[in-house]
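Q: Chain residues, written in single-letter form:
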Amino acid sequence: MRSIRAAAVGAVTLSLALTATACGGGSSTGGGSNDAPKALTYWASNQGASVAVDKQVLQPELDKFQKQTGIKVKLEVVPWPDLLNRILTATTSGQGPDVLNIGNSWSASLQASGALLPWDAKNFDKIGGKSRFVPSALASTGVQGKDPAAVPLYALAYALYYNKKIFADAGISQPPATWDELIADGKKIKAKGSSPLGAEGSNVSENIHHIFVFAKQRGVDFFTADGKPNFTDPKVVDAVKAYVDLMAKDQVIPTGDAEYAQNQSVSDFAKGRQAMLLWQSASANLASQGMKDSEYGVAPVPVRSGTPGPGTQINSMAAGINIAVFRNTHNLDGATRFVKFMTSDDEQKILNKAYSSIPAVTSAQNDPAFNTPANTVLKDTLATSAAALPQVPAESQFETTVGTAVKDLFADAAAGRAVTTASVRAALQKAQQQMPAA
Amino acid sequence: MSDSPLAPPPSFRWARRVFLTLLTGFVLLPVYVMLSSSLKPLADVSGKFRWVPSGLTIRPYIDMWSTVPLARYFVNSLIVAGSATVLSVVVAVFAAYAVSRYDFRGKRVFTVTVLSTQMFPGILFLLPLFLLYVNIGNATGIALFGSRGGLILTYLTFSLPFSIWMLTGYLDSVPRDLDEAALVDGCGPLGALFRIVVPAAIPGIVAVAVYAFMTAWGEVLFASVMTNDTTRTLAVGLQGYSTLNDVYWNQIMAASLVVSVPVVAGFLLLQRYLVAGLTAGAVK
Amino acid sequence: MTTHTLEESVAKSPPGAAASSARRRPGRFRRAGLPYLLLLPALVLELLVHLVPMVIGIVMSFKELTQFYIRDWGTAPWSGLGNYRLSVDFHAPVGAALLHSFLVTVGFTLLSVALCWLIGTVAALFLQDTFRGRGLLRALFLVPYALPVYAAVITWVFMFQHDNGLVNHVLHDQLHIGAKPAFWLIGDNSFYALLTVSVWKGWPFAFLVVTAGLQNIPGELYEAAALDGAGMWQRIRRITLPSLRPVNQVLVLVLFLWTFNDFNTPYVLFGRSAPEAADLVSVHIYQASFVTWNFGTGSAMSVLLLLFLLVVTGGYLLATSRERRTSDV
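Residue numbers (this note's numbering), protein chains in the order written: chain A, 1 to 438; chain B, 1001 to 1284; chain C, 2001 to 2329.
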């Protein structure tokens, strides 16, 4: 018995000692340093068809940077499923990269953790000033009124991709501009034996992006102005139901899409099995699957009536990737220079062309490559009718709880169970109650 | 033989035939799917399932090496799982020898504590362990986090409790007279362990080694957080085949098959030891 | 030799202290420092990787460790029992979801362990006698156990797909069961998908252990029973199954703990947001901590889980050892 107690006391003492040292974990180096001025570690997100493609795209640019500055950048392309975990663990331990890409919807959450260097006016001046950036992209860099936690790198927007041949076969002369038209066209397409519209029903983030737009078009937000969850607002319920109804009631999304989470809908579209796709900057993606530019058209995402614009005419989230500096960097100056390099006009053109995204820097958008019909749609959307996802610290909880609720609703619809206003409200209410109280 | 009273009656034989046939089907179904899909073109695997491939291709087996750096992951997994296995076996042999042959204060506490770690939900100590590694790294300069070393250390302890327990059982079954005789002949306790006990316990040790290797080869959770680009293991690396624009099912299946073959082959070669090891060790 | 041993033991054994052990163990094996030295590596490793992190985890469970504090978690405010209160308040959604997930896990684990045990035992019994092809079958049956988890489970995902999977192809297209193809990876059926994969993966271990256990049953027992006129089925019921009891006790416990804590299978099968019907507690806690960035609550939930497993295991060991004692009498 005595030995049990001794062992327990020993374990506790040891762990407390370790805990005490662990407390120093994240903050020991405070706000970053310049201990290692000749090296940088960069975590890039997976933007190309595969991690290997990303390395091919990025490495020549990093070599260029090394030639200019003498700083060697160690690149790691982190796959999306791992990226947030890696950032979280890096944040907790203080050991991470110097520069990293983040999904722009994570900005506010990561800002709250204090893991990223705040971009105050002084820092922005070092990279050419805030005014260089596209305003809608800049809106997704953190909570309003606080210094941004990151800088826009690639801007993306949703568009409606449609298969020209299927449209012609169904006798549809132009892409739908409103949801009613889309549903009507969907019926014609279905009559011809093709599936009308794709969706990623089990992908929580995709679900969020779409219902966000549906809510905007009903003039409502998922969070109140003071940052409280507003999921059970009748208009929010209506928005979520309308999106799920595309499968449940209007039957333009095939039920099989309810379990898609790995971009199978993109591949269905690329293979000509499906007439329409709502996707962010899909061109490079489609090309790599062998679909020719001439085979599909690109149109703005439908609205309820009229044409896309601000307010209730919003038709896309301001999607994109931000670049951030890790607060515990050992090469603060180098990291800032690297961000400057990556957001320079030249690099913006090269990289956004490679990824078929839109430059986050206004002046780089003049390049003719971004004036193709497809890119014009995306550019216009970003300029006039894209809105940032809620910039609240609890954004990632919002994506998880509400995105999962929509996933479950899709599962209900797919199984043939009724999706009613009551069932949608119940699902959203549960999601709201699971949000942190703060 | 058929006349002996121990011979199974026809009812038994029929039941056996039916049951084993069904079970074989259940067991082999995924294996067949894995094999046949790995030889299909991408268009085939992303369309409706068909039992017989429309055309056979070995392209997946070529492409899979370039879609993700499979070779590097393979080497990483080999190093990690191999080292974890060797170390785990050595540590377990020492511990099991002590538990089996000596009486000492705290023996019960030790065995109970070690075994009870089997109960720990991995998720409970994922983050703390990670913090611990980072802090050890900061304090001593030994890079545990992100390195293969850290992963080896982690995995070796995963298999340790079960290994110690099983080996203790096995060593108990090795007659004590043997090592006593060695001690009499002038060997030290360690000499007796290595010259007499270890050779006599080979089946048990092999069983433990196989178990340790498999534990390390397939683990996903810790590997996904504790590795980076250069140290990533297969279990995590295989996820790379679901890329942003397509799920390369045929390559996933090809790669799965390739990474499974060494383990399965080794396992089947050693299964005789495994049964023997378990017989004497765990189930007495 | 005997005299040697005696002399040695008299010379070396410390007086009194280990009288009981001297009865069981020859004195030669008692040397004060050596056993501890042998245990040291195992002890240090267990401390480092299991025990100390566990204590840190327990400390975390009393903290408000949300995204606002993860960067410097030493400064996170203490929340007392707050995380625990949140986790066990079954009237509020967080607690209710945890309870639901817990019940799903219990149901799943019991079913999975029972099926694994049953299939494994029956297969081991059927493979006990030699017949042509026995060796091959025995090897085949071990394949699911030997396959790396990721490779095995991803193959099942491929087979369970709604549109293109083998399962629906067989059930719906070929056997015409059900009006519409079912969903296996979302919705209520996901529970059965998970159970299938878990049993497929787990039963060979039971098979292996029972096979080993069968080898320890002396052949004379069977012969004696056969002479008494007992048939095959009776011999199995009267001799085999009772003799396997100690083996089963360990086997069931180990299977239970592994299945209950299994993270890899559900995670690879469903990704990070599992369908409600198959929301196993390990993935649930992972989601609570890593996906929603609340490590304090996640830790509290894990500690509760650990307590539950401690109680179950302790109770199980007590019950089985008492049973064994009474059956010995």
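It is possible that part of the hints are untrue.
[As the list claims (entries may be wrong)] Sample of chain C residues at the chain A side, in silico, Cβ under 7 Å:
| id | residue |
| --- | --- |
| 1 | I2070 |
| 2 | L2086 |
| 3 | H2162 |
| 4 | L2185 |
| 5 | I2186 |
| 6 | T2292 |
Because the hints were derived from the structure by calculation, they are not lab data.
All residues carry an ideal CB built from backbone N, CA and C; glycine is no exception.
Q: Could you run down the list of hints and mark each one as holding or not?
A: Against the structure, the hints:
A cut of 7 Å between beta carbons decides the hint on C/I2070: the least distance to chain A is about 5 Å, and the hint holds. At its closest, the beta carbon of C/L2086 sits 9 Å from a beta carbon of chain A; the interface hint therefore is violated under the 7 Å criterion. About 5 Å separates the beta-carbon of C/H2162 from the nearest beta-carbon of chain A, less than 7 Å, and the hint is met. The beta carbon of C/L2185 is positioned within 7 Å of a beta carbon in chain A (closest approach about 5 Å), and the interface hint is therefore held.
Of the supplied interface hints, the one on C/I2186 holds, with its beta-carbon coming within about 4 Å of a beta-carbon of chain A, less than 7 Å. The beta carbon of C/T2292 is positioned within 7 Å of a beta carbon in chain A (closest approach about 5 Å), and the interface hint is therefore held.
Violated hint: 2 only; the structure is consistent with all others.
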